[in-house]
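Residue numbers (my numbering), protein chains in the order written: chain A, 3 to 115; chain B, 61 to 174.
Hints are supplied without guarantee of correctness; some may be wrong.
Listed below are the simulated DSS-like cross-link pairs for lysine-lysine, each with C-alpha atoms no more than 30 Å apart in a straight line [to be verified]: (1) Lys-11/A to Lys-166/B; (2) Lys-11/A to Lys-59/A; (3) Lys-130/B to Lys-166/B; (4) Lys-111/B to Lys-173/B; (5) Lys-59/A to Lys-166/B; (6) Lys-169/B to Lys-59/A; (7) Lys-11/A to Lys-111/B; (8) Lys-59/A to Lys-130/B; (9) Lys-169/B to Lys-130/B; (10) Lys-111/B to Lys-166/B; (11) Lys-59/A to Lys-173/B; (12) Lys-111/B to Lys-130/B.
These are computed hints drawn from the structure, not numbers from a lab.
Chain by chain, the residues:
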Amino acid sequence: DSGVTQTPKHLITATGQRVTLRCSPRSGDLSVYWYQQSLDQGLQFLIQYYNGEERAKGNILERFSAQQFPDLHSELNLSSLELGDSALYFCASSPNPGSTEAFFGQGTRLTVV
Amino acid sequence: GQQLNQSPQSMFIQEGEDVSMNCTSSSIFNTWLWYKQDPGEGPVLLIALYKAGELTSNGRLTAQFGITRKDSFLNISASIPSDVGIYFCAGQRGYGGSQGNLIFGKGTKLSVKP
Chain A
3 DSGVTQTPKH LITATGQRVT LRCSPRSGDL SVYWYQQSLD QGLQFLIQYY
53 NGEERAKGNI LERFSAQQFP DLHSELNLSS LELGDSALYF CASSPNPGST
103 EAFFGQGTRL TVV
Chain B
61 GQQLNQSPQS MFIQEGEDVS MNCTSSSIFN TWLWYKQDPG EGPVLLIALY
111 KAGELTSNGR LTAQFGITRK DSFLNISASI PSDVGIYFCA GQRGYGGSQG
161 NLIFGKGTKL SVKP
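Between the sequences and the hints, there should be enough to build the whole structure, so can you do that?
Now the structure itself:
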C-alpha cells in the first residue's frame with residue numbers, strides 16, 4: 003500500500019458527460035501529480051500541484067482541469083468526455099515538488115461508452 | 061508527448077533466468093527511476109538512480125545510470141514467478157517545475173514461459 007488513495011476505482015460514463023476523480027496523497031506529502039495511462043500512449047503526465055498551487059502542466063487537455071484543496075487532497079475533473087478519454091488515471095504524491103520518488107495510487111479506470 | 065524508448069517490449073522468462081531491459085533517450089536525464097506495475101495496481105518504485113555511472117541494487121534487481129545520461133539498464137537475477145509484471149523506466153530532466161516531472165517509457169512486459 004503506497005498510502006495514496008484514489009476514488010472511485012472504476013467509473014463508466016457516457017460520452018459528453020463530466021466526471022471527478024479524487025486523490026488523497028500520502029500523509030505529509032505536499033505535491034500531487036496526475037497521470038493518464040492508455041495502451042497506446044503509456045503513462046503521460048497531466049498536471050502537478052504543490053501545496054494548493056499549480057506547479058507544472060503536461061499533456062492535459064483543455065477539457066480537463068484539476069485542483070488541490072487546503073487539506074491537500076486533489077480532484078481531476080474531466081468534461082465533455084470522449085471515447086478516447088477511456089484510460090487509467092493515476093495520482094501520485096511526493097513530499098516536495100522536486101522529489102523524484104513519487105508514490106502512485108491504485109488508479110481510477112475510466113470507461114467512456 | 062516525449063517518451064523514452066524502452067526495450068524489449070515484452071519477454072518471457074523461465075524461473076531462474078536472468079533478465080535485462082533498457083531505456084534510451086535522445087535527451088539527457090538527471091535522474092532515472094525503475095517502476096514495476098502489477099495488474100490492477102499503480103506503479104511501484106523499485107530503484108532510483110541519481111548520478112551518471114551509478115550502479116544500484118535492490119535485492120535481485122540491479123540498475124545502472126548510463127554514463128552518457130541518456131540511458132539506463134535494469135537487470136533481474138535468478139527470476140522468480142512473482143517478477144512477472146510490467147517494468148517501466150522513467151526519467152527526470154531537472155528539478156522543480158515541468159523539469160521535475162517524470163517521463164515514462166512504454167514498459168517491458170515480463171511473462172512466464174509456457
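Where does the structure disagree with the numbered hints, that is, which hint numbers, in rising order? Hints 4, 7, 11 contradicted; others consistent.
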